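Enquirer: For reference, the chains in residue letters:
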Amino acid sequence: MHGQPRKPLNPDDDAASIAKAAKLRNLQSQLLHNHHNKIYTKEALEISWKLLELNPEIYTGWNYRKLAVEHNLQAKTDPESIKSIVDEELKLVETALSRNYKSYGAWHHRKWILNKGFSSFDHEFRLLNKFQKADSRNFHAWNYRRFVTAMKNIPEKEELQYTTDMINSNFSNYSAWHNRSVILSNLLKRKAEGFTSKENVLAEEYDLVHQAVFVDPDDQSGWFYHLWLLEQTVTPDAPMLVSSWPIHDSDMIVSFKSNLDETLLSTSTRYCSESGTFPLILYFNQPVEGVSSSTVTVNFMFCKEDLLWRPLSTTNSKKSHAWVTHLKFPDKEDNSSKVYPVEVRLGHSQGIISSSGSHYNFPSRFAFKVTLQCVELEAAEGGSGMKMLDWGDGSFQICEDLPLDLSPILSLDQLKISRNHEPTALHFLIETITTEIALFRELLLEIKCCKIGKLTLARLLIAHDAIMTYNTPVEYKKVNTEEVLELFTDLMKLDPTHSSYYKDEHSLVLMEKVISNRKSMSKHCFFYGGSSSSNLCNSVCLRLNKLSLSKIGSFEHLLWVQMLDLSHNELHSIEGLEAMQLLSSLNLGYNRFSSFTALEPLRSLQTLKVLDISYNEIGVHSIDTTRYLCSSPLSHTVEDNCDFDEYARDDVKIADTWEAVMFFKGLQLRQLNMTGNAISDDNFRILLLKLLPKLKWLDGKGVH
Amino acid sequence: MATIGNNNLNAKLVLLGDMGAGKSSLVLRFVKGQFLEFQESTIGAAFFSQTLAVNDATVKFEIWDTAGQERYHSLAPMYYRGAAAAIIVYDITSTESFTRAKKWVQELQKQGNPNMVMAFAGNKADLEEKRKVTAEEARLYAEENGLFFMETSAKTASNVNDIFYEIARRLPRAQPQNPAGMVLVDRPADRSQSAACCS
Amino acid sequence: MKETSRPSKKPNTLFFSVSATVEGGFHFLVLKEISLKSEEEESMAEDFSFPSIDPINFDLAVVGTGLPESIIAASSSSIGKTVLHLDPNSFYGGHFSSFSLHEFTSFLQSQQQQPNEEEVKDSNSSLDTNYTEIELKSQCLYSDIEITSNASSEDLEPSRKFCLDLSGPRVLFCADSVVNLMLKSGANHHVEFKSIDASFIYSEDGNLFTVPDSRSAIFKDRSLGLLEKNQLMRFFKLVQAHFGLNESTLDQEKKRISDEDLESPFIEFLTKQMLPAKIKAIILYAIAMIDYDQESPEQCKNLVKTKDGVEKLALYHSSVGRFTNALGALLYPIYGQGELPQAFCRTAAVKGALYVLRMPVRSLLFDKESRHYKGLKLASGQAVFSDQLVMGPSFIVPSPPVLSPHTDLQQEISQGSILRDINGQVARAVCITRGSIKSNISNMLVVFPPRSLLPEQVTAVRVLQLGSNLSVCPTNLFLLYVSALCDDATQGKKSLHAAINALLKCSMSKNRETSSLFPNESEVVTPTLLWSAMYIQQLTKVLEDPISSCPMPDGNLGYTNILESTEKLFQKIYPGEEFMPEAKAPENVDEQES
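Line by line, the protein sequences give chains G, A and V.
Be aware that the first sequence starts at 0, since it is given in numbering that gives the first Met the number 0, and climbs by one per residue.
Be aware that the second sequence starts at 0, since it is given in numbering that gives the first Met the number 0, and climbs by one per residue.
Be aware that the third sequence starts at 0, since it is given in numbering that gives the first Met the number 0, and climbs by one per residue.
Rather than coming from a laboratory, the hints here were simulated on the basis of the structure.
Remember, predicted model here, so these are calculated numbers, not experimental data.
Cβ coordinates follow ideal geometry from the N, Cα and C atoms, glycine included.
Hints are supplied without guarantee of correctness; some may be wrong.
Unchecked claim - The calculated EDC-like cross-link candidates involving lysine to aspartate or glutamate, where the alpha carbons are at most 16 angstroms apart (straight line), are:
| id | chain 1 | residue 1 | chain 2 | residue 2 |
| --- | --- | --- | --- | --- |
| 1 | V | K279 | V | E294 |
| 2 | G | K41 | G | E69 |
| 3 | V | K277 | V | E267 |
| 4 | V | K219 | G | E204 |
| 5 | V | K492 | V | D143 |
| 6 | V | K271 | G | E445 |
| 7 | V | K219 | G | D206 |
| 8 | V | K271 | V | E259 |
| 9 | G | K337 | G | D250 |
| 10 | V | K219 | G | D164 |
| 11 | A | K129 | A | E95 |
| 12 | G | K368 | G | D206 |
| 13 | V | K492 | V | E455 |
| 14 | V | K304 | V | E294 |
| 15 | V | K219 | G | D250 |
Said to hold, decoys possible - Beta-carbon label-pair distances, calculated as ranges:
| id | chain 1 | residue 1 | chain 2 | residue 2 | range |
| --- | --- | --- | --- | --- | --- |
| 16 | V | A240 | G | K82 | 52 to 58 angstroms |
| 17 | V | R255 | G | N470 | 49 to 55 angstroms |
| 18 | A | S157 | G | K41 | 42 to 48 angstroms |
What the hints assert, rightly or not - To give an idea of the interface, some chain V residues facing chain A are shown, with a C-beta separation under 7 angstroms as derived from the structure:
| id | residue |
| --- | --- |
| 19 | F49 |
| 20 | P50 |
| 21 | N324 |
| 22 | E338 |
| 23 | Q341 |
| 24 | V355 |
| 25 | L356 |
Looking at chain G on its own, in the form it has when it is part of the complex (with noise of 0.2 angstroms):
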């Protein structure tokens, strides 16, 4: 328990503990008998009162309980036994609360038994406050107020005065801030009497947590409420669509190859394509689910089905920033190399929303125009196969010439969104950011050392560049990116403990620095130039190696890039990589990967034809601390077709390799390098040459 420091344990407590240790393993064995027996006599009843009473942590025994409170209830109906089994187990309740507040299994079990109906909530203020007297802290106490309101249908407002009362007696409650906040966001949410004005409020919240942070800039709850605050601020209640591939007033020509051996590169205007189709990615400022036929209408002439839409996350969820879909030209054969337009709108109809429930309103369109090209190549270079990619500085010449329209992030203009916007909504955003970021420069200046100040600040900046780069009609310079950068390397050297987290955010920052705009994001793309080329123009890669990035992001400005150097970094993960979708090419050499789980989102990429991972760490830690946040069949979040068995020998167990197997299966690959990893021995070499089919060359060597 928090405040309390660990007693020394004394030889005396031995003695002690092992006579306690003995009584409860008797009345637990008695317990579980009377458990499987289902005897929910009277003595047995005792039993496990006793039992609880002592540890109110054993969870079958408050599962028994249940089990005997159904039982007798079936078996009594008058009122007043009723009554009298219903107090006994809220006593029992209360006792166990006694011995330790904090104990989940109690707490629900009184949850559970109020739920039934049968008693009052009036003793339960009573057992509130005594609770949150001894502990104002006690979140298990807070939680179990929130039910009890909710039952009690206690007004919304006397509770935030509560934790109004709370606050100003000890502000430094994270409970009750937290608290403040769950309320603060259901009344805002159902327009509340009071509580119309979204921007009053939040100012009022503002000059309540001022004081706290003030007073005390070490005491964390204040912060977190403040980031809470932002949050609500800056978040725009609207999703909106960002970017989008291919992008407003592009000429597209989509290029056949009729021999399915070979890949063409592709430029940035000409995607090639075996399959006929070629995608349509949406890209939104904040995760959104409802993107379908009946909320998106795409017209092109070849499109008479009603096309599908799939979220591009590496999670289970609905809800995503990048969604795709394909176009599917129907002839191959057409040589006509007529142009069709293409022309998408959205938010005509209701249905694409956020997680915070707003929907798409904007009606918004952007087209673009489609030529078909097939291409049929010489027969000398047919059938010898690929040449393998050569990531080496010789292989690049930097683009002298760019293509225009390299950056597709969507503008309002473009999009031909009508000016929806509420002006004093967006004054008051600007205004209040700017007032922030000037309080906590102030703040600084008096206390140089205040971390958490300093990390508020970057994200006051971050935030302020956001909002006016999303506002603003021409492309706004965004002037705060230096002084982010520098917080965050001071953050770095500050505060140890989390500078993984301050270096994410730095890399972040930094990529977004390099690749939002047209000039600094040019003087990192590079044509790709074989000493053989083919007869089709050079490919541009984007090459972002050496910046010590640990993280990426921006991807609404790389939905075009089909090639990709991110080597000699320190990247652990490629979340959000999956909204790629013309990635063929991709380059992680030389980064911190330590396991194929960390990789998951290339497995959106269908194709995805050379990947270079040579370098990392996968397979040195035996620990992935990633497994269990992807989908895996431990966790039954992967579908079930996977058939492990295939790849099983003698000398290679599935449990040990099934990540490498889930990750390899997927993908089509022509070109792997997995040298210089913990993993990479001639054991695994086999079973990757048995996952890729497709695979020409194998760590620098060919495959044959």
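Given chain G, work out where chains A and V should sit, using these hints.
Expert: Positioned in the frame of chain G, the structure of chains A and V alone reads:
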């Protein structure tokens, strides 16, 4: 197992009477069931407590001892404050103590609260052969002055519990809403001072 | 004929007692009744006679039942000494006592009639030729008494419900040493307390601002800017760190304030911390409770050093929240400060001390040969003997006689008799008002920093308002205690008058923006002044030689300083003994737990 019900009373009870009338013996007999033949003047205990169960309530008596301050008529007003009940004790073998007891009654009526339950105890009832004060005159006096009267013997325990029970019965069930102040208790600071934990 | 007054604690009556020495050494007592309010006569008085004390030999005799004397009696009894504790008055507490309205008035008036100086009288009634008898004289320590009444007597009824402190304003800090003493001795059981609800500081524009004395108070205080809040809190944390009170010191470096800083004046240290003037005033006068204006060192009699300043801050802060039921730092005992001496006396009595009120001491007895103190001659004529003697402040202590067998002791005394060392004076006032200064606060403290009222107000004025929930006055009435250290009576009284007027005016202002959590309603019941008493009290020094004598109530708000001197006195008479040892034997006999 203590249950908090509605009928628990706390009552401060003060003892009055001359030295040697047997105040302490009475209390000792009531609280501890003991009697010491040659009880020294009380040194050491500021008060005693004992709980009684009466029909409809439990009464916790907090019995204040005079600590000898009555000897030179130097009882502090604090002694009488908030007293719900009083026992005026005299020695049946001493007329002087009876006279003095009457003076104490007057004092009490002046100082104490008007709703005080007052008991008049003629102690040492076992010393019948040395009796100097008749029960009749004592009872008469008690009735005239709104007290109830009992003859007790701390030595034989006769009527000792009874007198307390009778007081308990007569106590008003509604506790007077005296300004509830707080009594200072030394408890180590168990409230978390710093904001460091869980924050 | 010598008149001594014995104000009685019985309501509405007052007695003057007149004792006469007649040849042959008999005393008799004539009781004279003065200032009738009711015809009730104390029945006991009819046949009053001095009791005979038994035994007559004690380890310690204490004359006077003021708080220091009572604490010494309790402590001495606790270490096993036999104690005889006397008081010429019929009530406990002496100058630390609380009175009903009429008793208060009569006490003050009787003090007025006390002769200031008396010649040494020849005492030819020594009963025993082994001893030299020196008559014990008292001095008057009150002057310039002004009592004004604006009310009819019905307004002030029932007058026996008043418990007016003679030495107010006085509160207890929760971490005050007297509280610790009470907890140690068990005396805490006898007294109940209530919190002082709020604390204010007066600003020159006539407003009262809540004192931001704790973390949550700073949080709520809207009169402070954000940076000011930060500065103030950081300063408090600095002080806490200095005392190691911060449990969560994340940095391991030494957080103590440097010795150089500690010796420097507190105000300099505060300036060094870049604290704005407003914050400095709050810290100096409303939290550290400093008296003299620290900004003008020439007039400042007491330029407080940093080390003392931070001690005072630490006392305040460790008081906040010390008891879970106490809101702030300050407590007040129900029924008045007079309860404290009673509590300690009871503790002493429980440990065996003998108590005799209404027993004046006629003279001190010294051994003819050794010139040492031997005992007392009581007003009853009886002689009692003790090894040690402690006296209250109003008795004049004879100067130490020069040790020479040839000179006559009495001669020496007459030449060298000194009055108690006077150590300054404090102006005090007690007012009875109808209506509170702040509409929904009952018990509150207001501090007027030096020069906030008048340019010649060189010391802080402190005002304590108490309401009827402390059982110190009838319902709907309030008490105001006012005090300020002063050099001369006129100046002191002027400051007090200014403060009282300012407060009565303060609450009259409607719609004034106050930054406290309790905004004034626009219709305020302006407090009406019904009655007031103003007087000057001399401050005395503690004397240790030749006789230990206790101090008068000082000009501070709490008891810390008084207790320090008391403990020193105790150590003087019983060196090496523990001061108020913890009650080891079961102090209270409890029932066996069932």
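Enquirer: Now tell me if each hint is right for this structure.
Expert: Results for each hint:
no. : hint                                   : result
1   : K279(V) to E294(V)                     : 11 angstroms, holds
2   : K41(G) to E69(G)                       : 14 angstroms, holds
3   : K277(V) to E267(V)                     : 15 angstroms, holds
4   : K219(V) to E204(G)                     : 14 angstroms, holds
5   : K492(V) to D143(V)                     : 9 angstroms, holds
6   : K271(V) to E445(G)                     : 15 angstroms, holds
7   : K219(V) to D206(G)                     : 11 angstroms, holds
8   : K271(V) to E259(V)                     : 13 angstroms, holds
9   : K337(G) to D250(G)                     : 12 angstroms, holds
10  : K219(V) to D164(G)                     : 11 angstroms, holds
11  : K129(A) to E95(A)                      : 14 angstroms, holds
12  : K368(G) to D206(G)                     : 52 angstroms, violated
13  : K492(V) to E455(V)                     : 12 angstroms, holds
14  : K304(V) to E294(V)                     : 13 angstroms, holds
15  : K219(V) to D250(G)                     : 63 angstroms, violated
16  : A240(V) to K82(G): 52 to 58 angstroms  : 56 angstroms, holds
17  : R255(V) to N470(G): 49 to 55 angstroms : 53 angstroms, holds
18  : S157(A) to K41(G): 42 to 48 angstroms  : 46 angstroms, holds
19  : F49                                    : 10 angstroms, violated
20  : P50                                    : 5 angstroms, holds
21  : N324                                   : 5 angstroms, holds
22  : E338                                   : 6 angstroms, holds
23  : Q341                                   : 4 angstroms, holds
24  : V355                                   : 4 angstroms, holds
25  : L356                                   : 4 angstroms, holds
Checked against the numbered hints given earlier, the structure breaks hints 12, 15, 19 and satisfies all the rest.
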